[in-house]
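Make the full structure from the sequences, and use the hints.
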Amino acid sequence: MSPLPAAALVLLAAPLAALAFGFFVTHRVRPRTTHLPILASCAAVAAASLALLGGALGGASWSGRLFTWISAAGVQVHFGLLLDPLSVSVLSMVAVVGFLIHIYAVGYMRHDAAFSRFFLYFHLFFFAMVGLLTSDNYLQLYLFWEGVGLASFLLIGFWQHKPTARAAAWKAFLTNRVGDVGFLLAILLLFRWTGTVAFADLFSNPSLLSSQKAFIVGFLLFWGACAKSAQFPLYVWLPDAMEGPTPVSALMHAATMVTAGVFLLARSYPLLERAPGLLPFIALVGAFTAVWGAVGAFFRKDIKRILAYSTVSHLGLMTLGRGGGGVFPAVFHLIVHGFFKAALFLCAGNVIHGLHDSLGGAPTATVDDAGGLRASMPMTFAAFTLGAVSLAGVPPFGGFWSKEFVLAGAFGTPALAALGLLTALGSSLYIGRMLFLTFLGRRSWQKGHAAHAHEAPPVMWVPVLLLSLGGALAGFLAAPLARLLGVEPHHASHTVTALSIASMAAGFGLAWAAADLAPGGEPAWRSRHPALLEAVESDFGWQPFCDRAAGAVAGAARFLGDIVEGSIWDPGTEDAAAAFPALSEVLGRRARGILNDYALLMTAGAAGLAILVSLCF
Amino acid sequence: MTPLSELQPALPALSHAAALTALCAAAAVCRRAKGPSVLPAAVSAAGCLAAAWAAAAASSAQGPLLDLDPAARLWQLLFGAAALLFIAARGALTWRAAALLSGSLCGMSLLAGARNLFMLFLGLEMMSLPVYLLIHGLRPDKRSLEAALKYFFTGALAAGFFLFGLAAYYAGTGSMTIARSPEASPAAALGVALMAAAALFKLGAFPFMFWLPDAYEAAETELTAFMATAVKAAAVLMLMRVLSLGAGAVETLALPTLAVLTMTFGNIMALRQKDLQRLLAWSSVAHAGYLVAAVWAWRRLGGPPHAAATVYLYLGLYLAASAGAFLALRASGARTREDLPGLAERAPLAAVLLVVLLLSLGGVPPTGGFTAKFFVLWDLWRAGSPLLAAAVAFNSLVGLGYYVGLVRAMTLDAAPAEPRGEGACPRLGLRAAVIVCAGLSLLTGVMPGLRAGLEGLLK
Amino acid sequence: MLTAFALCGGLAVLFAAAALIQKTLYGSAMCLMGVLLEVAALFVLVGADLMGFIQVLVYAGAVMVLIVIAILSAPPNIAQRWTASAFPKPAAWLVPLAVFAGLASAGRMGGLEAALPQAGAHLQREMAGLLFGPWALAVEAVGLLVLIASLAVVREDA
Amino acid sequence: MNAELVAWAAASALFSIGTAFLLLRRQLVAMVVGIELMVNAANILIVFHAVRRADPQGLAVALLALAAAAAEVVVGFALILSMRNDENEAPESSHLRELSG
Amino acid sequence: MLLTGLWALPMLTAPLVWAAPSRRAARLLALAASSAVLLYSIWLWGPFSAEEGLLRLHESGAPGAYGLRYHLAVDGVSLSLCWLTAFLSLVSIVATWSDERPNAYWAAFLALEAALMGVFLMQNLFWFYVFWDAALIPMFFIIGLWGSGNRRRAAFKFILYTFVGGLTLLLGLVGLVALHHQATGAWTWEIPELTRATASGPWAPYVFLAIAAGFAVKVPVFPLHNWLPDAHTEAPAAGSVMLAGAMLKMGVYGLMRILVPAFPALSAAALPWAAGLGVASILYGALCAMAQKDLKRLIAFTSVSHMGFCIVGIFSLTPEGLSGAALQMINHGLSTGGLFLLVGFLYERAHARGLDDFGGLAQSAPWFAFFFAFVMLSSIGLPGLNGFVGEALSLYGLLRASPPLAAAASLGAVLAAAYGLPSFQRVFWAPPGPASRSPLVRDLTFREQAVLWTLAVPIVGLGLFPKPLLDLVAPAVQSLAQR
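Residue numbers (the numbering used here), protein chains in the order written: chain E, -3 to 613; chain S, 7 to 465; chain B, 42 to 199; chain A, 448 to 548; chain U, 76 to 558.
Simulated from the structure, these hints should not be mistaken for lab results.
Every value quoted in this text rests on a predicted model; they were computed, and no experiment measured them.
Incorrect hints may appear among the rest.
[As the list claims (entries may be wrong)] Computed beta-carbon distance windows for the label pairs:
#1 494/E <-> 438/U: 58 to 64 Å
#2 113/B <-> 263/S: 45 to 51 Å
#3 422/S <-> 131/B: 48 to 54 Å
#4 570/E <-> 512/U: 34 to 40 Å
#5 260/U <-> 208/E: 51 to 57 Å
#6 20/E <-> 272/U: 55 to 61 Å
[Stated by the list, open to error] Cross-link-like lysine-lysine pairs, in silico, DSSO-like; alpha carbons within 30 Å at most:
#7 148/S <-> 64/B
#8 158/E <-> 368/U
#9 158/E <-> 297/E
#10 167/E <-> 297/E
#11 148/S <-> 280/S
#12 64/B <-> 130/B
#13 130/B <-> 148/S
#14 167/E <-> 368/U
[What the hints assert, rightly or not] Residues from chain E that keep clear of chain S, each with C-beta distances beyond 10 Å, as calculated:
#15 159
#16 197
#17 280
Using N, Cα and C, we set each Cβ at its ideal position, and we do this for glycine too.
And the structure:
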């Protein structure tokens, strides 16, 4: 562990400087130019991370402490940076993708009134993500973890006037907070049992934690990761997060933020290894989420929601990979997915941008609105196809390789294998449907604004294309990444590869059938199965269940706030205090000021004393 | 015992008596001085000062009937202070009123120095009769006559109790000197009980206190202040003297229960009062309850004179606060609760002083009232009865209910359209007296060492 | 001698009870006179004849005259004898009985001497010596008390 | 029959009747009579025991108590007679009801 | 004379301010006095760190009988609280600078500051209690005279409710001294001596309960909190800042200084109950805050929730928990003080406090939105800002004491997000309500921004660099935890 190089410091210093400069200077003086310092800082971070990647490939890794953060008696926490192969690899993906999406955002947000405010929030997220990836202990990771949650709250609710955006922002932060509570408890338990939260100390002697304790901490960490990486129970916020502008969805809710959970699981692999039953459990949850996401994606109309559910599905795949195959499959899929999912989202952004005026300014578009855009948006079509193919796992492209490693790891247990294959089929199914419906040919029921849909300006489609190319060619990164992570990639057996290609092909076939051959197309089909559609729309009752739970808590709050506080506590104290004047009123009315009565009471008192004395004598 | 030295202990009483006779003689001689004027007040004040000087300077001689131990000297000073406050606040007195005042003070001096039970009775009578007359004298209206009569008859009943108690004690032990008598007989115990009843009447303890609100409400405010302080102090003195005769059952059972009943009844009744003087009357009943508790604690701690420092301290600080409160009411001109709103705007100085005095009566820390209550609570804990301490604490809380209620009415409530109550009383002496009382209350609030000083004085 | 003593005591109590239930104030005053005389008789029987004489002089004389004048100077007629008390009727009757019970029970262990004590000749002389000797201050105080009482009759000019 | 018991009984009875006056009678003058009875009751006891113990102090006290009671009566009547009430009635405690509560 | 100056300076200038010729002169004098006190308290850091030992800068008058000495001393915890009080007084005076308030208003603040300083410095129970109750009177007048709406009822309820606590506390303190006397035969009112011998005896549990209840009313702990919402809603902005910022700390400080050291065994035995009540306060406060319609009442309930963390921290009796509680006191003072200032500015402009009255303020008052978001995030415990460190340490302490309670307490963080963000959204992002359209609602003036920046700097500073404060508090906390 060599001391921190200059590049490492740039990682954090550049974004901070850009943010400070942006907030205090350009946001005040010339809001339209806020993006310039921010883009510069993105470039700096990208360059620094690539430089570090080069160094890491040479086998180097760095760590260093900046300052002591908390030093109560038993709790000693330092602020430091750790740049080992894992963090550098993910960091470089995030930096590159982030840089490209920043450029895209300049084009996308040009007409927005709060242009500079958007970039400040956007870069705040970027800074938090970089901090998260490079922190050297759990508490610092938790700090940036919540920072990322805050940025997502600000960005999802960026269009403040939209009530749905506000609700989505709040829902995202609240769900993340539910997860973060588990994460915080894990950190506190770590302090309790091992006295430290620094990765170096924890992972250098694994005997610190007994297997039973490791299971508890591991589970709580997984619970935190579930919220951030939208795994089954806590994924509810991701579909609603699409309310935010598309670059936000692309960068945060596809490529980087949601992968933080997977990164956390990858980062704490020595911990999870010690817990016996934990990894299979994680894998199972991952697999289930994958299938669940795929089903959700297939039945959606809104193009961004389709991609959102697809992200849920692929995060499930990463978790499955992490659970089944260890670190390498998860990280490799994470990186590849980062590229092509960002590309797909940006293509969706282009489509929305293209159809903007014809949709009456609606921030999102559905599959019904689009249709046959191949002619009018060739570049976006090319990027989309590349991304879709890579996502579905068509052999030469990146997605195929990363999916292979995940499935190889999953094939250990039959259940996981089945779910894995099902996901492979599902992902090619929904991406195929989206491809056919939006770009290839216009169906009768589609409004097809292809006529006046216009291609996005170069500042938007160039980064998209680059990203999709990255996604497609990512396959070749497998070997260097494996060498970087120092692990031997466990190639899938030929049967596994054949099965996955078969399921992928089946998926495409089905999609084509559903899109073109079905009589009357989708609307007819939807009207025939309203119950099924409604069930899927509400994620088989899981979304309403969560809303009802939140409603119950709000109800309890109202009950406590209004009824307990208002009608029991307040009047309670007032009545208790009012009892005395009431008693005094009762006593006062009895006394009528008659002299003989005064004498009567006096004599009675004296007689009482006399009798008492003579009795007690 | 040369006659002169024998008179030594009686000097304070004699100086008051001299003032009394001088006033009567002057009245008889000059016909024209009809209305209240400053001269009689000055003569009476001179009597007080002479008594105070005598009490401080006289050598500690001990006659058959009177003696001047350190405690007695302290009482003389206490009575002198209350009297001077009355004279200063009143300013001018008719010679009859001045004579009555000197007579009452002479009675109190006898009471303070009494070694013989009969002197106690004489002191009681001499203290009470002038007050009955003064109540009606200073403010000759129907209400004050009614108050005087009620006070007279209940007072006479109490005097009857005291006399019969004295007789029974004499029958039981054969001695009349205030010293713990060896022979213990039921008659002696009965005697002590009845005399204690008379003392509790004068103090205003339950069930003997029903006369007090009427007398305090109808009397002239300065006289009420005098009654609430000097007469109450004399009553405490009587109670302590009588209990030192060896009260068995009265002390252990009756006193704590009466104390709790008094303070609770006093506080509860005060909550509903509209007339401010009647409210302060009931609050002084509550304070009588705290005093009875303090006396009980003193007895339980073995009853050495210096241990009574808490009682003296409480009396001294209560004297300042209570007299100050009554005089402040007079100075601000507020008669009933409705006169209070907006007082802070109309008479800011009077309002501020009244706030300080009310808080002191309530026992709120930065004021003397708290120091007094603090030591009472502590003594009760030392005497081994935390429950009585809890009762005192709870009652002072109820007390705060109406004290802070008055403060709220005065400062926070909005002033009514047309000004209410009589205008602020411009008398300089009155304002000076109130300022002295308020200043004393504030000063003693931060002097916890006061009690230790008193203890040293009494040793 | 003891029987005479008991007789006088009994008569005093009877007179007192009669005074209580008299319809007219004048009747009560006369019964009070009777009680005072009986008490004077008790003093004489016990041998303190000076006390008896003074009792008759001061009480039966001065105070009775005072009471009679007071009765005459105030309007005479009485509508209602008993008080309208806020407490239930019997309470006002029970309390004096309770007082009597308390006092009597306290005196139950009285001296065992049956005979009526007789004051020696010197006792009264010693009393006089005492009054003008050590107790001069007490006499002086009572004198002052009477002076103060006399102030009661002085009419304020208001 | 023992003398002391008789004296004690007489004194107690007189005292109780004295208090009865104050509790029961409506007329103020009658109450003064009650007060007088109470003082006499005490005097009986004091004189009896002074003689029994041959102690001049008791006699002196009884004597002075008489004077004190007289002074008290004077003040009482001074106050009673200054009562002005419209009905042509002897001054009663029922006229004194204005101060209450 | 070092420490006496700290409370004597404001106390003596208060009458001068009251008697000042004009309102401007009064305000200027008050400003000068409070800034002098702040500088003086910071300067005290020098001599403080020069000395050694737990309690430093001792200063005592003549030893009176029964140990009723006037004795001042300060340790890490009380010095930090003195700083907080001085800082908040200056902030509240500057914040309400523009108001045309009578001289008595400024005098009341100085008197309040003096009384609070007294509470944090006194080492003698008698004097501690004198200053404890003396602090109520200025606050009563601040709420009663210059509050809003039915301020009279709120002031009356505030002072009586707190007197109930005060008198129970007085009984407890006297009982403590009596118990100490039974144990050691010596009379003393000195806190250091009282806490040295462990008080025991049949009355000990009752005395413990009395003192605990007395302090709990002031903290306020869950069942005894009812005075807080009314007092805060009706108090003027500066009044709420002082009430929430400094006065609530008296209760917690009392627990740390007197109750826990004097009854170590009983405190440990009372752990489940006390920590349970603390967690109840956290959850109850947060839930009630979610249901409030009035901004100030909402913030009042958040104070109940934050103070719950302090209670939990203290009664975990672990060094981390105690330092967490000490830190939480300072953090709560800063963040809630800031929130009340902001709501005060809002009320001063639009005379409305309801959540539904406002909306869409982010457009018309961006700086307002920024600061409100910033301070609200610190209040709901976003890591990186000061709220988080206190809560984390308290939670850790509780975890060491009883894990189930720690789990329940950590739910407080979720509920915090549930009341924090929706209120922010409704006031700043939601469509404009009736009050926000009024022309009065404009962005923060320079003075207001300056005040808020002085608050924001420590909020971030303590969030990232709590070490200096933790070291300052460490010795006191260490001695507490060892008992």
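Comparing the hints with the structure gives:
1. 494/E <-> 438/U: 58 to 64 Å: With Cβ atoms ~59 Å apart, the hint holds.
2. 113/B <-> 263/S: 45 to 51 Å: Once the Cβ atoms are compared, 47 Å apart, the range 45 to 51 Å for residue 263/S and residue 113/B holds.
3. 422/S <-> 131/B: 48 to 54 Å: The hinted range 48 to 54 Å holds for residue 422/S and residue 131/B, with Cβ atoms some 49 Å apart.
4. 570/E <-> 512/U: 34 to 40 Å: 37 Å, holds
5. 260/U <-> 208/E: 51 to 57 Å: Check passed, 53 Å falls within 51 to 57 Å.
6. 20/E <-> 272/U: 55 to 61 Å: For residue 272/U against residue 20/E, whose Cβ atoms are near 58 Å apart, the range 55 to 61 Å holds.
7. 148/S <-> 64/B: 28 Å, holds
8. 158/E <-> 368/U: 22 Å, holds
9. 158/E <-> 297/E: 20 Å, holds
10. 167/E <-> 297/E: 22 Å, holds
11. 148/S <-> 280/S: Satisfied, since the Cα-Cα distance of roughly 20 Å is no more than 30 Å.
12. 64/B <-> 130/B: Between residue 64/B and residue 130/B the Cα gap is close to 19 Å, so the pair holds against 30 Å.
13. 130/B <-> 148/S: Judged against 30 Å, a Cα distance of about 29 Å means the pair holds.
14. 167/E <-> 368/U: 20 Å, holds
15. 159: 43 Å, holds
16. 197: Residue 197/E is indeed farther than 10 Å from all Cβ atoms of chain S, at 53 Å.
17. 280: Its Cβ never comes within 10 Å of chain S, the nearest being 63 Å, so this holds.
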